[in-house]
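Chemist: If you want the building blocks of each chain, they are given just below.
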Amino acid sequence: GENVEQHPSTLSVQEGDSAVIKCTYSDSASNYFPWYKQELGKRPQLIIDIRSNVGEKKDQRIAVTLNKTAKHFSLHITETQPEDSAVYFCAASYSNTGNQFYFGTGTSLTVIP
Amino acid sequence: GAVVSQHPSWVICKSGTSVKIECRSLDFQATTMFWYRQFPKQSLMLMATSNEGSKATYEQGVEKDKFLINHASLTLSTLTVTSAHPEDSSFYICSARARDRGGYNSPLHFGNGTRLTVT
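These protein sequence lines map, in sequence, to chains U and W. Taking the working numbering, the leading residue of the first sequence gets 325, the next gets one more, and so forth. Taking the working numbering, the leading residue of the second sequence gets -12, the next gets one more, and so forth.
It is worth saying that the hints were derived from the structure and are not from the lab.
In silico lysine-lysine, DSSO-like type, Cα no more than 27 Å apart, as pairs:
id, chain 1, residue 1, chain 2, residue 2
1, W, 28, W, 53
2, U, 382, U, 361
3, U, 361, W, 28
4, W, 53, W, 7
5, U, 381, U, 361
6, U, 395, U, 382
7, U, 395, U, 381
8, U, 346, U, 392
9, U, 366, W, 7
10, U, 361, U, 392
11, U, 366, W, 53
12, W, 28, U, 366
13, W, 1, W, 28
14, U, 346, W, 28
15, W, 1, U, 366
16, W, 7, W, 28
17, U, 346, U, 361
18, U, 382, U, 346
Here are the in silico distance ranges between beta carbons for each label pair:
id, chain 1, residue 1, chain 2, residue 2, range
19, W, -11, U, 378, 20 to 26 Å
20, W, 46, U, 369, 20 to 26 Å
21, U, 436, W, 53, 39 to 45 Å
22, W, 48, U, 350, 15 to 21 Å
23, U, 366, W, 14, 17 to 23 Å
24, W, 16, U, 325, 25 to 31 Å
25, W, -1, U, 336, 33 to 39 Å
26, U, 379, W, 70, 46 to 52 Å
Cβ coordinates follow ideal geometry from the N, Cα and C atoms, glycine included.
Sequences and hints are given; from them, build the entire structure.
Modeler: This is the structure in structure tokens:
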């Protein structure tokens, strides 16, 4: 099955700086890679996703890059704000019978005002 | 956007009793629903995949007789924790996805989660 690894597990940045979270996956058949933000005690919320037919996607201060050859993808948050503080999870999935989503172990991001 | 409703949001039960958690997709048909368990400061652990009209597929190590999953319709899946023990205390989250489009996966939409405490 798929194995998703995520780094770092914790990340602290100064407000206004950029934050980068990286994930690797093992199954080359994976073709869909969403990122979720989870605030304490709340549900994970989809913040951005990318499919394997593109290498980069951007939405305001958030961007995701995908390197299919190396099997890794990254989340980039620019101009960080205190409200960006949360746990971020990457995931990998593929169009197959299982349709399962495999999550990374999460990154706790703290933005220091 | 797609909304997934999960109830109850929290429940306290006595050891040995059973608890049912409901997961509903409110504005879309969910062919597949997933049930996760989350321990404090840890990632989402997939327990089982629930497909409408068929038996759930359980992950290795998850007891199917203890965690009963029923996906009776395209908008409802239930998880019943039977004969609950204190070690079953956890945060349970369901998620749902709509039908595939163009061969690619659509996003997961999560319920609010259920905090289960077994005394």
